[in-house]
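Modelling step: build the complete structure from the supplied sequences, incorporating the hints.
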Amino acid sequence: MLRTTDLNAYYGQFHVLHDVSVHIKEKEVVVVLGPNGHGKSTLLKSICGLVDRVEGSILYKGQNITGRPAEKLVNEGVIYIAENRELFPEMSVLENLKLGAYSKNARSHEKKNMAKVLDLFPRLEERKKQMASTLSGGEARMLAIARGLMSHADFLCIDEPSLGLQPNLRVEVFNIIKEINKQGKSILLVEQNIPQIAELADRIYMLEEGQITFEGTAREALENDHLKEIFLGM
Amino acid sequence: MGALMAIIYGGLALMPIFVGGTDHLMHILIMILIWGVVASCWDLIMGFAGIFSFGQVAFFVIGAYASAIVANKFGIPPIFAIFVAGGITAAIGVLVGLPCLRLKGAYVALVTFAVHMILEPFLKGPMGRAIGTGGSRGILTIQPIEIFGFAFTPDHKVAVFYLTLVLAILCSIIILMVIRSFWGTAFLALKDSEDFSASLGVSAFKYKLAVFALTSFLTGMVGGFYGHYVGMLSTRMLGIDLFVTLMIMLVIGGIGHFPGAILGAIVTVTLNEMLSPLGSYRPLILGGLVVVLVLFLPDGVIGLVRRFFNGKSKIQEADA
Amino acid sequence: MLIEYVDVFISGMTNGSVYALMAVGLTLVYGVSKAFNFAYGSFFSLGGYLAWILLALVGIWGGYISVFLVALPLLMVFGYVTEKLIVAPLRKRSDWEIKVMMLTLGLALFMDNLFQVVFGSRMKSLPPIVDGVLEVGDLVVSYQDVVIFILSISGILAFRWFLNNTRIGMAVRAVAQNPEGARIVGIPKDRIFAATFGISTVMVGLGGVLLAQKYFVSPSGGWDILVKSWVITAFGGMGSIRGGLYAAFILGMLEAFVGYWFGMTWVLFALFGVLLATLAVRPQGLLGKWG
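Chains as they are written, first to last, in my numbering: chain A, 1 to 234; chain B, 1001 to 1320; chain C, 2001 to 2291.
Hints were generated in silico from the structure; no laboratory data involved. Cβ coordinates follow ideal geometry from the N, Cα and C atoms, glycine included. Careful, some of the hints might be misleading.
[Stated by the list, open to error] Using C-beta positions, here's what the derived DEER-type ranges look like:
{"#": "1", "chain 1": "C", "residue 1": "Asp2131", "chain 2": "B", "residue 2": "Phe1074", "range": "42 to 52 angstroms"}
{"#": "2", "chain 1": "A", "residue 1": "Glu125", "chain 2": "B", "residue 2": "Lys1104", "range": "31 to 41 angstroms"}
{"#": "3", "chain 1": "B", "residue 1": "Pro1277", "chain 2": "C", "residue 2": "Arg2091", "range": "31 to 41 angstroms"}
{"#": "4", "chain 1": "A", "residue 1": "Lys25", "chain 2": "B", "residue 2": "Val1292", "range": "45 to 55 angstroms"}
[What the hints assert, rightly or not] Straight-line distance between alpha carbons at most 16 angstroms, and here's what the computed EDC-like set of lysine to aspartate or glutamate pairs gives:
{"#": "5", "chain 1": "C", "residue 1": "Lys2092", "chain 2": "C", "residue 2": "Asp2007"}
{"#": "6", "chain 1": "A", "residue 1": "Lys72", "chain 2": "A", "residue 2": "Asp154"}
{"#": "7", "chain 1": "A", "residue 1": "Lys27", "chain 2": "A", "residue 2": "Asp202"}
{"#": "8", "chain 1": "A", "residue 1": "Lys129", "chain 2": "A", "residue 2": "Asp154"}
{"#": "9", "chain 1": "A", "residue 1": "Lys182", "chain 2": "A", "residue 2": "Asp154"}
{"#": "10", "chain 1": "A", "residue 1": "Lys98", "chain 2": "A", "residue 2": "Glu83"}
{"#": "11", "chain 1": "A", "residue 1": "Lys128", "chain 2": "A", "residue 2": "Glu172"}
{"#": "12", "chain 1": "C", "residue 1": "Lys2189", "chain 2": "A", "residue 2": "Asp52"}
{"#": "13", "chain 1": "A", "residue 1": "Lys72", "chain 2": "C", "residue 2": "Asp2190"}
{"#": "14", "chain 1": "C", "residue 1": "Lys2189", "chain 2": "A", "residue 2": "Glu71"}
{"#": "15", "chain 1": "A", "residue 1": "Lys104", "chain 2": "A", "residue 2": "Asp52"}
{"#": "16", "chain 1": "A", "residue 1": "Lys116", "chain 2": "A", "residue 2": "Glu179"}
{"#": "17", "chain 1": "B", "residue 1": "Lys1104", "chain 2": "C", "residue 2": "Asp2095"}
{"#": "18", "chain 1": "C", "residue 1": "Lys2092", "chain 2": "A", "residue 2": "Asp52"}
{"#": "19", "chain 1": "B", "residue 1": "Lys1104", "chain 2": "C", "residue 2": "Glu2097"}
{"#": "20", "chain 1": "C", "residue 1": "Lys2214", "chain 2": "C", "residue 2": "Asp2224"}
{"#": "21", "chain 1": "A", "residue 1": "Lys182", "chain 2": "A", "residue 2": "Asp52"}
{"#": "22", "chain 1": "A", "residue 1": "Lys61", "chain 2": "A", "residue 2": "Asp154"}
This is how it looks when you write it as structure tokens:
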């Protein structure tokens, strides 16, 4: 569904991604692992049109989307869900969700998606009218994912959804991601927590220093000593 | 930087050989030197320290009036009065800078511009007249600077020019030293990230006040010098015209590209002169020029020259 | 004596309402795109001059209707295009905030002198929208003031409705609250910047029309307005609409009373004094933050 070939990304003069080639098949959940600061977020952001300088090729559903900005890509069904959540603090949960459906494509499905999303996240339904800034960490994370879903995207780039969450919330988030995947969405996920990943991921990539150093299934990843070393050593 | 400065001043120093006879042209040269210093100070505070100060013209006028009043009322010889004026202006600069310490961006511009806007009614009003500003008429007689009995009046423009040159070079050297010193680096750090410098324990306040003090001192001193040169002062200088003209110098010279401001002064003053036959159309062209220049000449002439010769200069890397 | 105070109060309210309209425009642009428009005063005059032209062409009754129907959209387009053409390109540069200030200052000088060349430097006055006065006992209130007040408040309310109830309005709030989030969600930031610039132009232009009847239109009349709008915006907190509203009325009142007690020359000092005192204690203004 989505394939990058020799993707290079830059922040100003900073060359972050070096010839990165990944692909995600339809309805797959692919996880990107790697130490912090080595380009995982940049990879996701580059795909989603949020990085200014990108070279190489990104094909989405056969179309070349390299360099296209987020405002166009959201309409095509590619959405980024930030590690920082990037919510609108002084708007209600409902308004945040509505804004998630800003693009034309999403707007025509707004009502349907809103119902779906509130069903998937009952806690958000409860807090519909609350200001986003008053939400707890876990709820904010849920809202970020929910808002991303409102974009009616088929391809979701989710950046460290379980970061900073308590174990029980983490499980909830992963379950939701599983559910979203079951509903037919393709997901490119950045995560740190290996044990949970194994269950969730169809395939795994390892990104170190802006380059892909491993590609394989979850099982293969767990058997890989190098990987184990990095993450258990953390 | 230093080399470029030397070339510019060297070039200027030779000018009287060609135009020494023409009074009007000599006047232009003198004004170039004076504005060059003022523009450089503005560059220092805005381009290097990153403080959006819009009070430069105000400080110039304050210095001019202060020096004239001090000389007229207290009989202090003008040559010393200008330093006293510089000190007074520096004190006011610090007073203005104090509220600006915690403010960001546009707020600082507001407060400093406020000083500019308040200055005119103040100078013209009862408080101003009380201290000798001459109200709306301004100050009509100001003593010229005298050194060893020689009076630097407008009749002796070549002499005035060289005196101005000395003063301008001194001020520029001070500015250059500041930029090159640790202070200069601290300013750049402050400009790029205030939070980061704060975490380093750098006393942003101290540096900001110092920048206000220094630039106001130099500007005020030069303002005082101006007053003693032309012999009279009025509040016309506070019009938006001069402000924009000064801004053009910065835009042409490049913000944060010392000594571009001096080049900017040369170009701008010359341009101004060439345009003066156009009378009321002149501000129109000036305004339009600013718009065009800011859009198309982002780093001023200096930036253009540097890029042409070096590829990438240190300052451009710092910007990126 | 009391009557005079009520008079001053009314004057303060009327002016305050127009100031509110204009301050909200300024704080909007700053809150959303962090751009400071130094040509705001010239846009104010533009509104006045546009109205003057339209009135001269169409006569008084048809006049003001045409003013609202024609001038306001024109102002919107002017603001939108100006932003797109000359402000937007600056955003990618270093020191862009300073450059925007400088550019808009140059624009202001250009516009002011264009006005002078085209319209002459003598002040122009606009006829009042409604003639006549209302008499309540000893109190005399001109209908004009009432109309001005109503129109300004309507403008502000319309704007508030726009912000809260339209998609673009929500997008504007979104960009102001979290530009990165807005980007993620697919909001076209550039268009929003241009739109808010256009809206603020309409607001200040409308202010120009409304105040022109009392205070004349002149090529350099905008500077006073720029400074006042600025002071009000800073006092209320840059980026805070509610703050701007409170600030406008407070300072409008202050201006009226200081002018009455001490004379107009002291007004500027008083305004700045209050501003500086406030900023010393609260550097972000009364309600600084988007609100």
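A quick look at each hint next to the structure:
{"no.": "1", "hint": "C/Asp2131 - B/Phe1074: 42 to 52 angstroms", "result": "violated (59 angstroms)"}
{"no.": "2", "hint": "A/Glu125 - B/Lys1104: 31 to 41 angstroms", "result": "holds (39 angstroms)"}
{"no.": "3", "hint": "B/Pro1277 - C/Arg2091: 31 to 41 angstroms", "result": "holds (38 angstroms)"}
{"no.": "4", "hint": "A/Lys25 - B/Val1292: 45 to 55 angstroms", "result": "holds (53 angstroms)"}
{"no.": "5", "hint": "C/Lys2092 - C/Asp2007", "result": "violated (50 angstroms)"}
{"no.": "6", "hint": "A/Lys72 - A/Asp154", "result": "holds (14 angstroms)"}
{"no.": "7", "hint": "A/Lys27 - A/Asp202", "result": "holds (10 angstroms)"}
{"no.": "8", "hint": "A/Lys129 - A/Asp154", "result": "violated (28 angstroms)"}
{"no.": "9", "hint": "A/Lys182 - A/Asp154", "result": "holds (12 angstroms)"}
{"no.": "10", "hint": "A/Lys98 - A/Glu83", "result": "violated (20 angstroms)"}
{"no.": "11", "hint": "A/Lys128 - A/Glu172", "result": "violated (19 angstroms)"}
{"no.": "12", "hint": "C/Lys2189 - A/Asp52", "result": "holds (14 angstroms)"}
{"no.": "13", "hint": "A/Lys72 - C/Asp2190", "result": "holds (13 angstroms)"}
{"no.": "14", "hint": "C/Lys2189 - A/Glu71", "result": "holds (9 angstroms)"}
{"no.": "15", "hint": "A/Lys104 - A/Asp52", "result": "violated (23 angstroms)"}
{"no.": "16", "hint": "A/Lys116 - A/Glu179", "result": "holds (12 angstroms)"}
{"no.": "17", "hint": "B/Lys1104 - C/Asp2095", "result": "holds (14 angstroms)"}
{"no.": "18", "hint": "C/Lys2092 - A/Asp52", "result": "holds (11 angstroms)"}
{"no.": "19", "hint": "B/Lys1104 - C/Glu2097", "result": "holds (11 angstroms)"}
{"no.": "20", "hint": "C/Lys2214 - C/Asp2224", "result": "holds (15 angstroms)"}
{"no.": "21", "hint": "A/Lys182 - A/Asp52", "result": "violated (33 angstroms)"}
{"no.": "22", "hint": "A/Lys61 - A/Asp154", "result": "holds (10 angstroms)"}
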